[in-house]
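The end of the sequence shown is residue 512 by the working numbering, with every number in the run present.
Read the hints as simulated data drawn from the structure, not as lab findings.
Keep in mind that the hints are not guaranteed to be accurate.
In silico DSSO-like cross-links for lysine-lysine, where the CA-CA straight-line distance does not exceed 30 Å [claimed, not checked]:
1) LYS302 x LYS473
2) LYS393 x LYS436
3) LYS511 x LYS436
4) LYS473 x LYS406
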Amino acid sequence: MKREKRIKIYVVILLIIMPGFLSGCWDSHELNKLSIVSGLGWDIDNTGKVTMTYQSIIPSEIKGSSGSNGGGEQKGGSQLSAIQLNQDTGSSPYDALSRYTQHASRIPYYEHTQIYLFGKEGVQRGIYPFLDTQARNPVSRPKALMVVSAEEKASDILGIQDGMENIQAFGMAAEIKLSATFSKYPEVTVLQFQNRLLSKTTAPIAPMVGIFEETGPEGKKIRRTRVVGTAVFKGDRMIGQLNERESSGLLWAINEIKIGFVMIPEASMEIVSAKSKIVPELQGDQVKITIEIDEESNLVEYRGHQDITADLVHELEKGQAKEIESQVRAAVEKSFALDADVFGFGEAVHRKYKKEWKDLKPRWDDIYSRIEVLVKVKTHLNEIGDVNKALIKD
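With the sequences and hints as input, model every part of the structure.
This is the structure:
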């Protein structure tokens, strides 16, 4: 029943906000003729064949489903579900997409597509064909999230019902947004990915999602999804990935820190605010980048056994700054190893040195790994709580 109620809530919300979009050529289509595509998966095999996987919401399957098991309704001996998974294979993304309309009984509606999910083979071969198709399609969603599957196929993940979210695409989008809010991994829309690609020097990135198992009630194994890394691209091909620490370091550098925690051996600090900027300097072909970070936080946990004095607060601030710098350094070193400018250093140079950039841009790949990077971090501990005396002293 809980699963059924959640599905109903999702669909009711969609039905409330959809009328604003159902204009023009959509006026003649009733809701019971629509298939609301919540997530779209893209896989490619070693022969170049493209498989599109659609996770869709069928509004007409919600009504009268209270007596069924799992949110569907019994008709003709078969279980009909409000959430459906369909696949089509073609010679190209557009070919696969067009095949869907040849056999589907409902019109695909993309206004609420949450994610575009890419399988391993596809990102290694290159996703330009998909990006081109989406850019030329008037019903594509530039604000949908780009996601890379850590499993072999995108369909492996879209097919999971993890018990937390029955509309897997909605749940995955929420999970990615939450990880970005807590400053662990980036949240990247199709438009942001395309803009990085168009810059020619900034490496595109996207969060990676994998599958893990946990033990649920009564020892039942439950498969869930989790954000596990940041995919790094060179052009339209994935060339490597950042782990959680490196991903956080990237977010610090590109001014994408929102909230979260900084952990050092003796204390935990909750981030209140953070700002950063990339400052380039150019001397001939030698590029120097300074990443300046200003952060404010509150002390939420102290594991030491000293009274919290002004000197100790200063030491905690220094320890926090050192940890933030270490995260940024980890991201910089990985980006150098991949030879991928995930930070947009090239664009920062371009903005400040427009004339010189014309000569630097064609050679940026050679210049990038020789950049000198300085990281300057200022931290300020705002609140330490009501307790400044150690409860247990050494």
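Each hint tested on the structure:
Under the criterion of a C-alpha separation no larger than 30 Å, the hint pairing LYS302 with LYS473 is inconsistent with the structure, at around 37 Å. As the CA atoms of LYS393 and LYS436 are separated by approximately 17 Å, the hinted pair is consistent with the 30 Å bound. Of the pairs offered as hints, the one joining LYS511 and LYS436 holds, with about 22 Å between alpha carbons and a cut-off of 30 Å not exceeded. Distance hint between LYS473 and LYS406 is fulfilled; the C-alpha atoms sit about 17 Å from each other, no more than 30 Å.
Checked against the numbered hints above, the structure violates only hint 1.
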